[in-house]
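K.L.:
Okay, here's what each chain looks like letter by letter:
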Amino acid sequence: ETGVTQSPTHLIKTRGQQVTLRCSSQSGHNTVSWYQQALGQGPQFIFQYYREEENGRGNFPPRFSGLQFPNYSSELNVNALELDDSALYLCASSFGRSNYGYTFGSGTRLTVV
Amino acid sequence: GNSVTQMEGPVTLSEEAFLTINCTYTATGYPSLFWYVQYPGEGLQLLLKATKADDKGSNKGFEATYRKETTSFHLEKGSVQVSDSAVYFCALSDNNDMRFGAGTRLTVKP
Numbered sequence: 014e015t016g017v018t019q020s021p022t023h024l025i026k027t028r029g030q031q032v033t034l035r036c037s038s039q040s041g042h043n044t045v046s047w048y049q050q051a052l053g054q055g056p057q058f059i060f061q062y063y064r065e066e067e068n069g070r071g072n073f074p075p076r077f078s079g080l081q082f083p084n085y086s087s088e089l090n091v092n093a094l095e096l097d098d099s100a101l102y103l104c105a106s107s108f109g110r111s112n113y114g115y116t117f118g119s120g121t122r123l124t125v126v
Numbered sequence: 442g443n444s445v446t447q448m449e450g451p452v453t454l455s456e457e458a459f460l461t462i463n464c465t466y467t468a469t470g471y472p473s474l475f476w477y478v479q480y481p482g483e484g485l486q487l488l489l490k491a492t493k494a495d496d497k498g499s500n501k502g503f504e505a506t507y508r509k510e511t512t513s514f515h516l517e518k519g520s521v522q523v524s525d526s527a528v529y530f531c532a533l534s535d536n537n538d539m540r541f542g543a544g545t546r547l548t549v550k551p
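So the protein sequences, as listed, match chains A and B.
With positions in the first sequence counted from 1, the corresponding number in the numbering used here is that position plus 13.
With positions in the second sequence counted from 1, the corresponding number in the numbering used here is that position plus 441.
Please note: incorrect hints may appear among the correct ones.
Footprint (simulated), chain A over chain B, 3 or more residues, beta carbon under 8 Å [to be verified]:
no., region
1, 478-491
2, 539-551
So these bits of chain A aren't anywhere near chain B, every CB distance computed over 10 Å [claimed, not checked]:
no., residue
3, K26
4, T33
5, E95
6, D97
None of these hints come from the bench; they were simulated from the model.
Where a beta carbon is used, it is the ideal one built from N, C-alpha and C, also for glycine.
Isolated chain A (complex conformation) (with noise of 0.2 Å):
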């Protein structure tokens, strides 16, 4: 059984560029949560894709976007990038409603410089 993948693992940006990071969730799982974790603080909820549908949002912009594809992986973009992106990205997987826990991948270090 495979784990959750993330990738790439380190990415430098410069400000108003954008970016896509891509997650591959667990082997039998169907919903997918991206996490923003900035340097000693806590991840904080982007928004949750089940069956290829938002199905939650935390307080982002609208320049925070996803997509989730038939096989569940997902893909994070975020536009117009601003020095405050510069985080930890974290990826969930879990298998329907979060009450049993997700399997996390290890990240993107995103830097915008």
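Knowing the structure of chain A, use the given hints to seat chain B on it.
P.N.:
Chain B alone, transformed into the frame defined by chain A:
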């Protein structure tokens, strides 16, 4: 809305000391509660969970009991090891998404 508050760190202990990391929550319904652990450079790993009041989650010597009356889910371990050094996150889930506390950094010294 739902939220989690956990004790601020960092926490520094000697090996074999007793550990308690406090966590309290605010929720409108009946959430599930979790503790996750994050080692340097890695994602979060599920440590233990409890899905209803009075449940006790346990794993690797860590324990936490879901206390509805005090809205708490404190993490405990009787004898910590150097390898337990990590950041610990308390979290709650209400079927829609999972909310995390700010994390508590634990350092265990030999």
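K.L.:
Please go over all the hints and tell whether each is borne out by the structure.
P.N.:
Outcome of the hint check:
For the region 478-491 of chain B, the assignment as covered by chain A holds, since 7 residues bring a beta-carbon within under 8 Å of that chain's beta-carbons and 3 suffice. Only when three residues or more bring their CB closer than 8 Å to a CB of chain A does the claim for the region 539-551 of chain B stand; here the count is 6, and the claim holds. Every CB of chain B lies more than 10 Å from the CB of K26(A), the least distance being 20 Å, so the non-interface label holds. Against the 10 Å criterion, T33(A) stays outside the reach of chain B, whose nearest CB is about 19 Å from its own CB.
Taking the minimum C-beta to C-beta distance to chain B, about 22 Å, the non-interface status of E95(A) holds against the 10 Å cut. The non-interface label for D97(A) is consistent with chain B: the shortest C-beta to C-beta separation is roughly 17 Å, beyond 10 Å.
Hint check: no violations occur; every hint is consistent with the structure.
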